[in-house]
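Please put together the full structure from these sequences, using the hints given.
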Amino acid sequence: MKKDFDFHLASCIHDMKNAISLILNSIEQLNTDSQKDTQLHLANLNYEASRLNNDLIHLLGVYRLGSDHLHVVIDEHNIWDVVNEQYLKNEPLLQKYNIDLEIHGDEEQDWFFDPDLVASIINNIIVNTVRYTKSKIIINIEEIESFLQIEICDDGQGYPENMISNPGETEDNFDFRNGSTKLGLFFASNIAQRHTNNEKKGCIKLRNGGELGGGVFTLKLP
Amino acid sequence: MVTDDYRDKRFLIVDDFESFQQILKRLLHDLNVKSIDTALSGSKALKLCEERTYDVIFCDFDLGKGQNGLQLIEEMRHKHLLGSGTICIIVTADSSRDAVIGSLEYKPDAYMNKPISSAELKSRLIKCLKQKNELHDINHLIDSNKLTQAIALCDQKINENSRQKNWCLKTKGQLLIRCKKWDDAEALYKTVLKGRKLFWAQLGYADVLAAKQEYQAALTAYQLAYQENSASLEAYEGAARMLINLGKPQEAQKILEQISHISARSVSRQKLLADVSKINGDFDAAAKASRKVVRLAENSIHKNAENELDLADNLTEAALHSSDDKKIRAYAKEAISTLQNTHKDNTDQNIKIQSKLIESRAYNSINDKTNAEQALDLAEKRINKNGSIANLRTQLELTKSYLQSGHKEKATTLLAQLAEQYKDNPEICAKLDKITDEPVSKIGKLDVIKANKEGIKMFDDGNYLEAVQCFLKATKNFPKHVGLRLNIIQSFIFQIKKASVNLDILEQCEKHLAVVKNIQNDHPQYKRYKSISKTLDLIIKNTKKEN
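Chains A and B supply the protein sequences, listed in that same order.
Just so you know, we're using this note's numbering here: the first sequence kicks off at 1 and counts up by one.
Just so you know, we're using this note's numbering here: the second sequence kicks off at 1 and counts up by one.
If you are wondering where the hints come from, they were derived from the structure by calculation, not from laboratory data.
Do not take every clue at face value.
[Stated by the list, open to error] Derived pair list, reagent style SDA-like, types lysine to any residue, alpha-carbon separation capped at 20 Å:
(1) Lys352(B) - Glu306(B)
(2) Lys130(B) - Glu76(A)
(3) Lys165(B) - Glu107(A)
(4) Lys220(A) - Trp111(A)
(5) Lys194(B) - Glu91(A)
(6) Lys127(B) - Glu91(A)
Here you go:
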């Protein structure tokens, strides 16, 4: 755990530094922009600030994981509401990038999970996907074989191969540009695994393809 | 009746940062909300709430110095400043709950994490209004104490598979406990637990077992609950209460101290810690806990003179039971200054008299007989002058002061009178028995005899640690009882002889001995006290030599 934490601390701070430089750049350019460029730079500002916020949340989260202060409290909640609220939280960002987001599933679907932690996983994936998708995100909520499955599909390039094989794992030849994504996945994987029901455990999966032909993030909760 | 349209509602935003206030205000304006008030501080918010009733209150968790958002809303609720339909939403900067956990006596309608978007705000508002609306009738029945009807309505919602069925199930469990329908409550929790090991059901199940006085089973259930959710201070507190009932106050104190490190925010928990520390003869810990009670209550509804009197009393006890001169003087000084402030700040005659009575004991603890007698004298005069004004606590404090300052006859007369007067009130009898070295009530006397008989049987069988537990169980109700304390120490000494010297046990013995160290030489247990304390001294000396 100590090694994981040190590792993620370094990569995350790196990512945050990047985000701040980009924010500063965007602010500078706002002064000299044409109308159309302003929209683009505002969108970038929004994205980078959201990423910074998620980084900080994950950093705190990973710290709490390490120091055993991260408490997963599972109870029955409406999952559609939680997912929808994360969509609404990011609506301004999605609009700026002209990305369409649809949620498919039963609005009355209840499940057993920690709403704050699952919300932060969904929020992170949405923000990340904004960068990689072309025009569309679809979130599918489904109950499959006594697991709740949440799929976040995009129409972008898809996840790199080495990420798909072991999402949420740390590795030595780490690409710092993926710092934010990686940290989020590490956090998500941990949270998912702490969702248990008798013998069953939650997990996350990455794959390419899906209904939009891009990357697919899946969260499964027992 | 509430509707789920929020536009015509009255909103209040409480945040100590003006910029955050403005952001939220703008978001609400975007949603066509017309009536929005803002407050930069808790006191301003309270004032506004006295003038008008709000439908929705957004309150930042962190309000800077002093009161936090939850405490503020708790105070509003206590002062009846909130309408039955008022929605309270706590806004936090941090998505994790451990900043807010710890003072969950009051639960807000929702938490929202910054940053908040306008669409998200709208969705949450509608959700809260719908929920308030749907639960309005049940909450109204609970508020007017029509619990059976409330339970029936909960059942109806559960059967309809309503969106609020989870809330209804939890509420039903709590209501069944309040109605003392233990078996129904137990059945409810067991059914839930059969499906999933949900924390709230585990905790509820433990509460039922505790109410049924199945202490060992309840302890196990509380332990399972905090394993499920290690942030649950309720579960740790429940376990501590069970340990006290099982005669393991030492372990109870450890748990309570451990969770005080996580969050010392609960007044009730710190009071429990003070009580259990006194059972263990740990007067330093009791003084520390009651200091926290006073500090915590400062910004909340719990602030009252009683807490300050308790603190002064515990400080005096700590002074009386210490053998370190410097410590004694520091404790007494703190007690006296606390009492002088209480005396000055309060107009209630009983509080004033009580503070004088405790002050007299504090002076006695540093052998300042002149000031001690003067304070006692003043208190007596005021009691006599005001006739029947003296309330129960005043009478109890007077008894304690008589006992401590050697006014034996006066103490005995007063105690006999109180025991007679309240003989049909078991609660007051229990209070009387707590302040004396021998119980004065009939039930108390029988209880001590029973506990002694059981404990001595275990002792005679060579089960010394079991005997200790048995005596400790009784010490909960008779903390000043000399015989019980000596029995505990004697059982420990025999355990040491049987097994081996254990430093932890020796330390406990010293604490129990300190409880009775002010025993008078005409006390029936005096000789025994002397002999046991000599034996203990010897063991301690020998142990020190060996180490």
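>> Please list, smallest to largest, the hint numbers that this structure does not respect.
In response: 5
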